[in-house]
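Working from the sequences, and respecting the hints, build out all of it.
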Amino acid sequence: MRSTRRSSLDITHLPWDSELFGIKVYQVSENVTLTPARLPRLIKELLDNQVDLLYYLHDAKRSRDVYTLTASGFRFIDTRIVLNIELKSAKITDTVPWFQLVKRNAGQVNLKPLIAMSKDLAATSRFSADRLLKKTLILKMYKTWILKSLEFEMADYWFGLGTPSDPFTFVTFKTIRPGEVSLSLIATRRDLRRKGYGSALLRHAFQALLAKKVNRVRVGMQLTNTKALAFYEKMGFRSVGSWYIFHWHR
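Just so you know, UniProt numbering puts 56 at position 56 of the sequence shown, and the rest follows in order with no gaps.
Derived by calculation from the structure, the hints in this document are not laboratory data.
Accuracy of the hints is not assured; some may be wrong.
Using 27 Å as the maximum straight-line C-alpha spacing, the simulated DSS-like pairs for lysine-lysine come out as follows [claimed, not checked]:
#  : residue 1 : residue 2
1  : LYS91     : LYS195
2  : LYS148    : LYS103
3  : LYS148    : LYS24
4  : LYS174    : LYS234
5  : LYS103    : LYS119
6  : LYS103    : LYS212
7  : LYS88     : LYS213
8  : LYS174    : LYS112
9  : LYS148    : LYS213
10 : LYS227    : LYS140
11 : LYS119    : LYS227
12 : LYS174    : LYS91
13 : LYS112    : LYS134
14 : LYS212    : LYS234
15 : LYS140    : LYS174
16 : LYS234    : LYS195
17 : LYS134    : LYS119
18 : LYS213    : LYS91
19 : LYS148    : LYS212
20 : LYS148    : LYS135
21 : LYS44     : LYS24
22 : LYS112    : LYS135
23 : LYS143    : LYS24
Computed spacing ranges between beta-carbons, pair by pair [unchecked claim]:
#  : residue 1 : residue 2 : range
24 : THR70     : ASN105    : 42 to 52 Å
25 : ASN49     : ARG190    : 40 to 50 Å
26 : GLY241    : THR95     : 28 to 38 Å
27 : ALA208    : ASP10     : 31 to 41 Å
28 : PRO97     : PRO36     : 52 to 62 Å
Keep in mind that this is a model prediction, so the values were computed, not measured.
Glycine included, every Cβ here is placed at the ideal spot set by N, Cα and C.
So, in structure tokens, the structure goes:
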């Protein structure tokens with residue numbers, strides 16, 4: 001979710017999240033560590049600016065700070081693990097009906113099955129672990145995320161299986177930097193899961209990304225989503241770090 005404004009403590013306003021939830025949402029920059037000495041000044045700034053919700057990723061190597069964070073009102077949500085894979089040219093043997101959407105043909109896609117899959121994405125989201133957030137808004141978040149991805153506002157690459165009029169698996173990627181993308185969304189229709197479609201789509205997508213001079217893919221996920229973690233590891237992804245996810249509510 002995009003950021004525009006930054007405070008003196010590297011707390012960034014998130015307009016998209018704020019509009020969605022109807023409250024003031026900020027996040028702490030990834031390169032900022034909230035130490036016990038820094039927390040009182042941070043809390044004061046949050047209250048002075050009437051921040052309603054703050055996202056924070058805390059380096060899991062600094063577990064000694066967790067007690068101070070929770071004592072300051074931060075709610076532990078989950079552990080986020082980040083994995084990378086270096087892409088390599090490979091021969092594709094899967095005979096699956098895959099397709100790529102671009103801006104000129106994105107309007108042809110059938111939204112109904114995609115919206116249905118957005119409900120499953122919401123269910124495994126870190127936001128669903130925060131009981132202070134309304135489930136209806138979390139569902140709206142993922143529905144909007146899919147729609148914004150089709151507008152190529154929240155995605156740079158969009159691949160699917162099936163046809164644009166009847167997609168049953170899809171994946172989106174967002175550019176991090178030249179040559180590297182993040183895997184943003186991936187889902188398969190419920191009745192077609194565990195049939196290898198997700199891995200088949202990724203194999204095709206990886207080769208298409210290589211053709212666009214993308215050679216690394218990153219994905220972030222919750223450690224409690226063990227099925228997804230096993231899937232990515234089977235695909236060749238390897239962990240590069242982990243962070244504790246905290247939410248602070250006013």
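Hint check against the structure, violated hint numbers in rising order: Every hint satisfied by this model.
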